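A.B. asks: Input sequences plus hints: build the corresponding full structure.
Residues per chain are reported as follows:
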Amino acid sequence: MKFTRRDLLVWGAGAAAGLVVSPVPWKVLDDVSIWSQNWPWIPQPARGPVEVKQSFCTLCPNGCGLRVRMAGGWPVGVAGVSSHPISRGALCPLGFAAHQLNWHPRRLHAAQHHGEPSSLSEAQAAFAKACGEGSIVIIDGYPGRAASSVLKTFAEKQGGTYRVVTSSESRALAPYEAWIDAPSSSLGYDLENAQTVVSFGAPMLDGWGTPGRFTWLWAERAGGMTDPQLRLIQIDSSFSRTAARAWQWVPIRDGSESALASGLARVLLEQKLVPAHGPIPPIALSEVAAQTGLSADAIQDLARTFVSHLPVLAIAGDNDPAIAALNIVLGSVGARGGIVRRSKNAESYVAADADIPNARAVLIDGSVPWDFAPQTEAEVFRFAAWDGGPSQSDWLLPSPGFLEALTDVPTAPTLSVETYAVAPALVRPPSEVMSIEQFLSVAEPTLIPVDKIIHSRCEELFRKHSGTLYGQEKTPVAKIASVQKLEEEFSKGAVWVDEPSPSGSMRCELKEWPAATPASRVESWTTEWPIAVLPPLATKLYIESNLREAPERRNA
Amino acid sequence: MSARYGMVIDLDLCTGCGSCMVACAAENNVPSLPQSTARTGLTPIVVRKVSNKMAGSARRETFIPIMCAHCEHDTPCVKVCPQQAVEVDKETGIVMQMPQRCLGCRYCMTACPYHARYFNWWDPSWPKGMEKSLNPGVAVRMRGVVEKCNMCHARMHSAKEKAAAAGKREIDPADYIPACVEACPTGAIRFGNLADANDPASKAARSPEAFRLLARLGTEPKLYYKSKEAWVRALAESNPAHGADQSQEVQRG
Amino acid sequence: MASSVLTDSRWIARGAERTSLSRFLLWLSPWTVLLAIGVYAAGLCLFYGLNQTNMDNRFAFGLWIFLDLGVIALGAGAFFTGFLVYILKRVELKPILNTAVVVGFICYSGAVAILMIDVGQPLRAWFTFWHPNTHSMLTEVTFCISCYLLVLSLEYIPILLRNRQLRKLPSFLVFEHQLHKLVPVFAAVGTLLSFFHQGSLGGLYGVLRGRPFAYRTGFLIWPSTFFLFILSAIASGPSFLMLITATVEKISGRRLVPPEVFRRLGFISGVLLGIYVAAKSIDTLVWLNITSKAEGFAPWQFYSYKPFGTPILFAEIVLLGLVPAFLLTFRKTACHRGWLLTAAAMACGGILLNRFVLTVQTLALPTLPFDEFLQYTPSWQEVASFGGVIAYGVILYSLSFRYLPLFAASKGEDEHVSGN
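Residue numbers (this note's numbering), protein chains in the order written: chain A, -15 to 540; chain B, 492 to 744; chain C, 6 to 425.
Be careful, since some hints might not be right.
To be verified - Residues from chain B that face chain A, not an exhaustive set, calculated with beta carbons under 8 Å: (1) Leu504; (2) Gly509; (3) Ala529; (4) Val538; (5) Arg550; (6) Glu552; (7) Ile557; (8) Ser624; (9) Asp690.
I should point out that these hints are in silico values taken from the structure, not numbers from a laboratory.
Being a predicted model, the structure only gives us computed values, none of them experimental.
Backbone N, C-alpha and C define an ideal beta-carbon position, used for all residues, glycine too.
C.D. replies: Structure below.
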């Protein structure tokens, strides 16, 4: 029997019909739908037992309490700690994605010399050579840590200098040094007892100070209330987030904050609205009105509003002597609800200048914001966990990233009381990174390691017997049994808070009104975020939504 | 024992910081794709800046977080899904999306009055190694499916497991807190069981300043807002602006 | 006949005059290129994902859905002609029956092909059959369109098997003969299925409470758009058939159907269009004055966004609705081929405009108080895929016209005679 083309056609049609009524197509469909749920290129989360650990975020000096969920040894989620007495469960918006940072594509994994791959040992050799040839300038972005103490000690031993880069909130306290006999690092803002907070452009609700501290205060005492306990007056050239939520928004022209502060002080003194007598600011009210765009009447009304709901505290966005002097006139310096001195033995720091003329080498810690670009002929050794783009560094050295190194958490810049905590490392760092302290200890083996410094600090705290420990429960330090118990509590995320200093213990002398300084604008948390790179999830805020502008100076 | 979980957002407290958006994305393994835009991105919760469109001292602004309202009555997305990939969980009132069953037809996205549903236009991807930072309690979705807020259902699972391990039948409310609620630095987002008259969220939902967006559609959303500002409540009740009124409002800020 | 070496005359029905193979291939070439581009674009979408389109979270439906709805409405001529011929016994329309089936098959298969690309996970398309949602209009649409495509295929197979060479196979001849007996059953089933899915396509939008521009109340669970879609589909289907047939007559240069068929189709289309316009006007008035207001919306505000103003409503109901209805039924114009075809084109245009308004305009309009009017422009991949479907239609129709007896009235063509 010949198999013809016709037979082929007939058989083909029959087979097609038969296939349709067989289970084959359905099984294939079922299989592919299972595959479509499990394509191999879809990333799967790590597997492993889940545990929750506590530590602190040390990406910036605010040291928010951190509750970290770990799976298989890796952080898979971060949240705040609601029992933390300052941050009260908050983190900054990007902090919630901080656990992504260690895998950021711009993570530094190897030393670089002039952009070319190098090694830490080569860098150490070069550094040792530099130490022998001249003085080193060390720049620290997060002073007060145990690591900072190592940096300072090294600088002293080597005959070099130690400088710090601080946040805008700290810089706003700098002017007081000229008028009181205490370093500005010993000062803090007693927001908890203020009833009127006047912010001159500082983003109080959007990036000022420790996340959670003022936002919760404001939420509890002012948010949504027509007659709030806490009056927030926002003096701002733009309708910022804080301005939109404030009890009163005072729109002024950009850069006229100093002039306004001087004008307000003049009104307060001339109209005897405050006990202080002088010095009278030399600027005329009409001049202030012209500069700010407010009428003279409005300025006078504002001054009266300031003192109608005491205590009042004026907060500058940056280093502004006129606003600091205004606080003196208001009687807020050394008073409850104002600028307070939180410790008697705070260190005095010298701010780092970008211009460094006479050094042989400059060593920059990883905590220094990336946009601090030194202008110098010296050899620059820069530590960083992430590469923020072109920098003036000769050497770029990989430092531990997020939660990868044991460190301690000194008092955050704006607090009115001293605090202390210890941030344990929760993740092993990659093998190629080295902390700055380890790097220096090769050049100077006598340096005391960080963990020993932390231990002696804990001992000192224990001996002081003052303050309260906020752990699982609130415990006065006096009731803690031993140093070991204290250290154990610290390793589980406890925070020590000192007693507040008695007020009135600060002598303040303002002889003449300070000259006006041009103010620099502080926008929001985006400009305050010190890390060189943004976590990938930051795109939610400015690419995948219209909520915020992209931060300009970042290589995201 | 069935609960009706809902949220009450106090708009007078929201500062528009965006912490809720980041925390939500981190908890739910939402990828961040740099090629996406405000119209193609995945933001199960998104905060919208809204103003009264006036200038100078009369200007008012507020921030409105938008996420799935977990509608209770004639839930639009549940009604229209051709293959029942979304359903209302009877025990909790949460509208559950099953990405494994979703066909990606996007009919639910057309139906949602709040535009709270998002489509995976791309396959998710993270930089090398970053998948180790993914939350193991939440499945990673694939391209071509719709997703939305599910009130951090994985956290409810953990709370249930914890209660079961302790021999209890009911979860401890302190153990089930969605990521956005936990992240908010002013406590603007309140979460709770609206069926429980003593629950603070339930009380807030019944306060005179509470309102819901598009309540007149009759879908009974469980996402409430609160504000003492009359202009905010008036805006919420109003219709979208006339074509002629649509100013070139720059929403970035 | 053609003197080319390559010839396919044995595939062409005896006595039927067709152009030479080389000229035919020349005709097919540009369409093949368009089809290839379309397949490439579709392949890009399947491989890389729907980010190849310009659809986004606000415009979740775009050009393709508009096309699907439009093409299915225009393809309604298939079931409606079958209904008219086999159920209502209007035998004067028999000459157009086969072409109606082919046009219907093209429209529905093209729509299904586009739908397969339009979903994010095409491999899961069968989930609708396994987990159907009885409340969803889209489930209904999926079932009915799939079944109706099957019916159309079964109606197409007999035509296919009437090819000169294929009918030489005795088993095919017998199969075709048996199928032909079932055609009235197919027509009835097709009518039922089409009634439901044409309606459900309208129901897709009418049930959207979140889109007050599209939302309608109606009868029981069916919003008024359900019925309006059926009416508009059966009104435009015959017009579309007329346009296709007239185009084919023009290109092939011969009269394929008696003029009476055109006039009859036109009249039916016109009457139905008139009824549709009346129903739509009532529906619009009810929506403007009752439904929309009850939901708290100011309906005229929907028309305040340029370019979607009230002129579109006017165009839909009057310019491309009432006017062609009049032209198709009024004897003086209906007798004139030019007027007839113009009116048919206007009718089809009006129905397409209606589908556009419901798909694209609905999504562009803001719903939340602080939302804005949105723009959407399809990407080249979307347009190319659409072009591919048109090319597919032209190619399939050309092949059917060349090798199959589509128009039994043509002189000398083989005609299927019962009992052979």
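A.B. asks: Hints first: check each against the structure and report whether it holds.
C.D. replies: Status of each hint after checking the structure:
Taken as an interface hint, Leu504 of chain B checks out: its beta carbon lies about 4 Å from the nearest beta carbon of chain A, inside 8 Å. Taken as an interface hint, Gly509 of chain B checks out: its beta carbon lies about 5 Å from the nearest beta carbon of chain A, inside 8 Å. Nearest Cβ of chain A to the Cβ of Ala529 of chain B: about 5 Å, under the 8 Å cut. The hint holds. This hint holds: Val538 of chain B has a C-beta 5 Å from the nearest C-beta of chain A, less than the 8 Å allowed.
For Arg550 of chain B, the shortest C-beta to C-beta distance to chain A is roughly 6 Å, which falls under 8 Å, so the interface hint holds. A hinted interface residue such as Glu552 of chain B counts as satisfied when its beta carbon comes closer than 8 Å to some beta carbon of chain A; here the least separation is about 4 Å, so the hint holds. Interface restraint check: Ile557 of chain B against chain A, minimum CB-CB distance 10 Å, threshold 8 Å, status violated. For Ser624 of chain B, the interface hint holds, since its Cβ comes within 8 Å of a Cβ in chain A; the closest pair sits about 5 Å apart.
The restraint placing Asp690 of chain B at the interface with chain A is violated, with a minimum CB-CB distance near 19 Å, outside the 8 Å limit.
In summary, the numbered hints that this structure violates are 7 and 9.
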